[in-house]
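Listed below, chain by chain, are the residues.
Protein chains: 2
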Amino acid sequence: MREIKGGITAPLGFLAAGMHVGIKKPPLLDLALVVSVREGPIAGVFTRNRVAAAPVLLDRRRLQRGTGGAILINSGNANACTGARGLADAEELAALAAGHLGTDPRAVFVGSTGVIGQPLPMPCLRRGIPALVKRLRPGGGREAARAILTTDTRTKEVALSARIGGRLVTVGGMAKGSGMIHPDMATMLAYLTTDVAIQQRTLQRALVGAVNPSFNCISVDGDTSTNDSVLCLANGMAGNPVVRAGSVAAAAFQHLLGEACRVLAMQVCRDGEGATKLVQVDVVGARTQTAARLVAKTVATSILVKAALFGEDANWGRIMAAIGRSGVPVDPTRIRLSCEGIPIVKAGVGLGHSAERRLARIMQRREFAVTIDLGQGSGRARLWTTDLSYDYVKINASYRS
Amino acid sequence: MREIKGGITAPLGFLAAGMHVGIKKPPLLDLALVVSVREGPIAGVFTRNRVAAAPVLLDRRRLQRGTGGAILINSGNANACTGARGLADAEELAALAAGHLGTDPRAVFVGSTGVIGQPLPMPCLRRGIPALVKRLRPGGGREAARAILTTDTRTKEVALSARIGGRLVTVGGMAKGSGMIHPDMATMLAYLTTDVAIQQRTLQRALVGAVNPSFNCISVDGDTSTNDSVLCLANGMAGNPVVRAGSVAAAAFQHLLGEACRVLAMQVCRDGEGATKLVQVDVVGARTQTAARLVAKTVATSILVKAALFGEDANWGRIMAAIGRSGVPVDPTRIRLSCEGIPIVKAGVGLGHSAERRLARIMQRREFAVTIDLGQGSGRARLWTTDLSYDYVKINASYRS
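One line per chain: the protein sequences are W and S, in this order. Numbering-wise (this note's numbering), the first sequence opens with residue 185 and increments by one. Numbering-wise (this note's numbering), the second sequence opens with residue 185 and increments by one.
Quick caveat, the hints were computed from the structure, so don't treat them as lab data. None of these values were measured; they are calculated from a predicted model. There could be a bad hint or two in this list.
It does not matter which identical chain is meant; a pair holds if it fits inside one copy or across any two.
Straight-line alpha carbon distances no greater than 20 Å define the calculated SDA-like cross-link-like pairs of lysine to any residue that follow [stated by the list, open to error]:
no. : residue 1 : residue 2
1   : Lys189    : Leu212
2   : Lys578    : Thr460
3   : Lys530    : Gly349
4   : Lys208    : Asp497
5   : Lys578    : Gln548
6   : Lys318    : Gly286
In isolation and in its complexed conformation, chain W is listed as follows (with noise of 0.2 Å):
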């Protein structure tokens, strides 16, 4: 596997551009497209929102014919909350994109990401879709990537390479959102792009398989907000003979497509709003998987912990306390705690002021692993998260001002 440059276009046969057509303040790029320039099959993950967004609704019907061709994607506003007139404007920005480039509207996609609960602004989206199309360019990844964001402060995008079938595979993709600290807002956006030939079905599990060790880790409830989707689109042009479930050729394409999830996860966590760390926590020894990951997310997503991460304070009690209400039956006499190695608690009780003197210095690292060993079993499981700043609450205490 070798990292190339190009993003979402390095893949043969995509095209992409990003403008400004004023829903965000100019001179901010606010619509992206992302087109192939054949057909082929596509595969998407969604909230588990109740409350999903007009393109997620819309996204979710156009999947069941497994075929995509373009991907259209706005910022600045989410379309969620806005009923059916959402829906219809979804439909009829789809069905513009997809009368400039010629294609069935049934295979362009749409995405949306913003503030919640007002319509989009369709006279500019009309305006600007044309001159959007005619922009589209093989070098246009980075300038999508662009277009796709809100609050981050950085793009997000990978490229991969592989030898599949004894072809030159490649999987681009761009993602946005300002971290896990925000899990229910309209927030997480990915698409990846590829030139392998598979199978729908096989992309499809391909996709599932990569989004729950990535995306799914380090936003908490990273399938709760009302616009969090993932597309991956695959045009089959690098010649491959067509991957199938279960072979040794799709393994390695999960493996290739796992990596470019986890490559922009990890970025999209970087760039968690007003985020100065990134920590990774680890549970280890649980009596399950499911509880493993019950007490890394309550302890990941626990205010305390993460403003005691901000402050580089060495509050392991945080910590422990936040295990203990997890609703995992813990025996805390069995719990140990360590942060890169150094043990800071054993069988429930701190190891004086000298561990904690050492886990005071591992904190001031902008990047640390702190690992909660249960002692149970050998359930377990790793998220990431961010810790919680005054900038976090700034910038979403004015985030529409």
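Knowing the structure of chain W, use the given hints to seat chain S on it.
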């Protein structure tokens, strides 16, 4: 029912004292003692956190006997995650107090609040207890209420009287806790005294009935810190016929105790760390009460919702997103939101800019109510929450430094 002065020493036959013994920096009070002139039934409700602090473990054991005469509480150190040593320390403190009071050690209950994971500074506590016993006086309620505080900015006290069984019965109380916004901290202690004559079983039932809609509804995970405790000590000095379960007198006492808990709970919520708002979250129209509570809890603990409350940002989409991810199978097209009677969302869709402007004006108030109607049934729940401010992060990033 009548509100009176005197706090925890308002009922007949109770003495209290508070002083500085050296756990916190001078001149901060850090040790409190509440004593009844005669032993009586005691009721208790404790954290459900699996990582329970030593004083909770000791009090749970003491409660099996059902009789109490004194409560000794320190602030500045939670005596949590301190293992066998912590439990031995708690027992020694109770025995010391019992020795100086001339009572049975099994009638002395203990409480601790503060930093988790450090052993109690026993030398200063041993020196302090005899002096504290000497300070006991009928008007010592305020002093005791001051001595149990940590990051609180004010004391929380209550005293209510009512006629029960032909006699004037008083309930007094004090609490500490800086609000529901830090549900996983060793945070919430409340102590109640009463001169009512009552069976222990009836007192316990009344306390559970009083805590559920009060303390358990401000702190959404209120039962989950390592130290959370509510104790109610009754000494029978009002001279009423002993209150028995199921009687009219039991209902009257339940009402009195419930009101005392509600008053203290609101005081805790208003003094939330860094809080500038107190917001009542009402969920109605849920299929079940459990569903209503889950939705209310998800909204009330969403840090994005809390940040919007602080910013006075009429960003109701965050409330919709929180409802959608609560795990309750809501139907977005049936959801209505209103704020202080002003409709904001109908059938899952926002009611436009003028509704939002009215919402923004209401959000400038210090206290207001949000109502979520799920339109699915008759289940309802009420919680109180606070906003998430810069000061919250500041307080909790530097809590121990």
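Verification of the supplied hints:
no.: 1; hint: Lys189 <-> Leu212; in the structure: neither (24 Å within a copy, 61 Å between copies)
no.: 2; hint: Lys578 <-> Thr460; in the structure: both (14 Å within a copy, 15 Å between copies)
no.: 3; hint: Lys530 <-> Gly349; in the structure: neither (50 Å within a copy, 54 Å between copies)
no.: 4; hint: Lys208 <-> Asp497; in the structure: between (39 Å within a copy, 18 Å between copies)
no.: 5; hint: Lys578 <-> Gln548; in the structure: between (23 Å within a copy, 17 Å between copies)
no.: 6; hint: Lys318 <-> Gly286; in the structure: within (13 Å within a copy, 91 Å between copies)
The structure shown violates the earlier hints numbered 1 and 3.
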